[in-house]
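Undergrad: In the order they appear, the protein sequences are chains A and B.
With our numbering, you'll find the first sequence wraps up at 1567, consecutive numbering, no jumps.
With our numbering, you'll find the second sequence wraps up at 248, consecutive numbering, no jumps.
Treat the hints with care, as some may be off.
Said to hold, decoys possible - If the Cβ cut is set under 7 Å, some of the chain A residues that face chain B in the computed set are: (1) N1237; (2) L1239; (3) T1256; (4) T1260; (5) Y1268; (6) I1270; (7) Q1272; (8) H1278.
What the hints assert, rightly or not - Here are a few chain A residues that face chain B, going by a calculated C-beta distance under 7 Å: (9) R1263; (10) R1264; (11) G1274; (12) T1287; (13) V1288; (14) L1291.
Everything labelled a hint here was simulated from the structure, so no lab data went into it.
Note that the Cβ used here is the ideal one computed from N, Cα and C, for glycine as well.
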Amino acid sequence: MPDPTPTPAANASSSTPHAATVEFDHVTKTYDPRAAKAGAPGAVNDLSLSIPAGRICVLVGPSGCGKTTSLKMVNRLIEPTKGRILLDGVDVATRDVTELRRGIGYVIQQTGLFPHQTIEDNVATVPRLLGWPKARQKERAQELLGVVGLDPSRYARRYPAQLSGGERQRVGVARALAADPPVMLMDEPFGAVDPIVRERLQNEFLRLQEQLAKTILFVTHDIDEAIKLGDVVAVFRDGGIVEQFAPPAEILAAPASEFVARFVGADRGLKRLSLTRVNDVELGHAPTARAGDGAADARERTRRNELPYLLLLDAEDRPIGWVDEARLPAEGQLGDRLVSATSPLLDRRTTLKDALSMLLDADVQIGVVVDRRGAYRGIITVEQIAGFTRETAREAQVRADAATG
Amino acid sequence: MGIIGDVIAWLTDPAHWTGPSGIPTRVAEHLAISLAALVIASLIALPIGLYVGHTRRGGQSAVNVANLARAIPSLALIGIAVPITVLVDPQVGFKVLPTLIAMIVLGIPPILINTYTGITEVDRDLTEAANGMGLTSRQVLTGVELPLAASVIMAGIGSAAVQIIATATLGAIFGFGGLGSYLVQGIAQNDDAMLFSGVVLVAALAVGAEAAFGFLGRALRPHEVDTATPALLEPSQPEGTPAVG
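Put together the whole structure using the sequences plus the hints.
TA: Encoded structure:
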């Protein structure tokens, strides 16, 4: 039996970032020597990737492209035919296979929860294998259920069959995190749940990763999921060939090949917008005035501005609405009743894609950006969004050319 | 009085409940040899079934051989065993051993087939997840496959028990006691009450065994389909980040 004293991992709190680098060094997997060139399903061909510690690397591609095979070679469920895989510089082939696996979190689409064990026992699987004391196992399981948003008092004693698909998937993630592994392998973990639950799980996953900062290899066939979750994305094609390995924005802006361009889809421009937040764009400014301010000065300023509107704010600088330049009185005070139109309020974290969508629907196609308290920060227009994407596409192309040239 | 009345009268006659050929003795003999055969058959079939199920190697040939053994009539099997057991010990050879061997041979197939099936029916994703988390091969077998296959295995042991109890009856022809003695003697003495009482007792024993193992099997069933407690709904939680401020 392993030493019953807690391992360093047992003492590490889940908030301590603890990650390792993962490197594929000319890894090849062939299932049949004769089919080596033909690229049998699941084969991998001379894969070299270097994933920095604490990042999410998404392996994406059509089915049978070798992405799952690549994942399983990290925890040696599949052994490579050629090449090495290094965790923090150490070749996984040189490590004891059970000890290696206990140090790598593993989440699969079908969850793989043990139906005959309670949720708590499922989560404590690896701590139990590592010989942690019983009380510590239990404590850790309860802690992790909380981390993934499941109330331990309600869920700990239940069985997997009593949970919904989304809940089971959370338990799967909690179980993989149990021994605080530096690396997590996730094989289409959100593939089997409905789109609404999937989106929620993805958001929670990203939030969790912000605290945990694990090195995560994430397999999916869904390009949107890859773009949303990946810090870097490896696009695979049949035969286990990586067509492009780059941050999502670069893949969208400058696909390395015809295959990648087709795989990311014709709407890749819109997809890029979903990667950028209002925060990333230099905001414009509209003429503004507070309710109660003198009309004459406001009118003068609005005339000088190219926008035919004035944005009326309340005493706390929160937008009330737009006042048409033509309706601005020559004298007196500005009031609410002058407001003739409103437009969408955008948060600094709103994606450009959502912002654009809202602008297209609005009376006045100018997005008003507010801060957390709701106070006016600036404006964003359709032209600004278009200009920003043109600019970044050009930059990405230059970077991609520099990388390949 | 009809045969039913005769049987009831025979079974309730106090004289038939004492002595070396009384019902308690015969039942005890019958159960003892059946239990011995069941234990030995399990000791042979379980490890083979677990091994071929776990490794998924040679499963089909094991099942085929087991089915072949199943096809041989019990009586023929005892007949085949006699000349062999006589070589071992002429005395015992003609009483317990031939029947015991036949019972074991007939008990193995249902246990082996159910064990193999039960283990292979465990979801591959589950065993792969277990492997991926660092369970050793043995831990996967004992901690995942065996508990999940337990009820199927228990059903196989139940079928074997019924088969064995039925076969033990034939042992009387070859000189072994047990409840079969009532059938053999009943035919020889033209005593229908004794004959059918024997039949009733054997049937009761077999049905009892079936029920007992059925109960055990249900007790061992995993919580896979637990309809007693309804599934919890998704916890109502706020969405990640609202898109609009």
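Undergrad: Against each hint, give a clear statement of whether it holds in the structure.
TA: Here is what the structure says about each hint:
Checking N1237/A against chain B by beta carbon gives a least distance of about 6 Å; that is within 7 Å, so the hint holds. For L1239/A, the interface hint holds, the least distance from its beta-carbon to any beta-carbon of chain B being 6 Å, beneath 7 Å. About 16 Å separates the beta-carbon of T1256/A from the nearest beta-carbon of chain B, more than 7 Å, and the hint is not met. At a threshold of 7 Å, the smallest CB-CB gap from T1260/A to chain B is about 5 Å, leaving the interface hint in force.
Annotation: interface hint on Y1268/A holds; nearest CB of chain B at approximately 4 Å, less than 7 Å. Checking I1270/A against chain B by beta carbon gives a least distance of about 6 Å; that is within 7 Å, so the hint holds. For Q1272/A, the shortest C-beta to C-beta distance to chain B is roughly 4 Å, which falls under 7 Å, so the interface hint holds. This hint holds: H1278/A has a C-beta 4 Å from the nearest C-beta of chain B, less than the 7 Å allowed.
A distance limit of 7 Å between C-beta atoms decides the matter here; for R1263/A the minimum to chain B is near 3 Å, and the interface restraint holds. Evaluation of the R1264/A hint against chain B yields a held restraint, the C-beta minimum of about 4 Å falling below 7 Å. Annotation: G1274/A was flagged as interfacial toward chain B, and the flag holds, the nearest CB pair being 3 Å apart, inside 7 Å. Nearest Cβ of chain B to the Cβ of T1287/A: about 6 Å, under the 7 Å cut. The hint holds.
Hint on V1288/A holds. Least Cβ distance to chain B is approximately 6 Å, under the 7 Å limit. Checking L1291/A against chain B: minimum C-beta separation of about 6 Å stays under 7 Å; hint holds.
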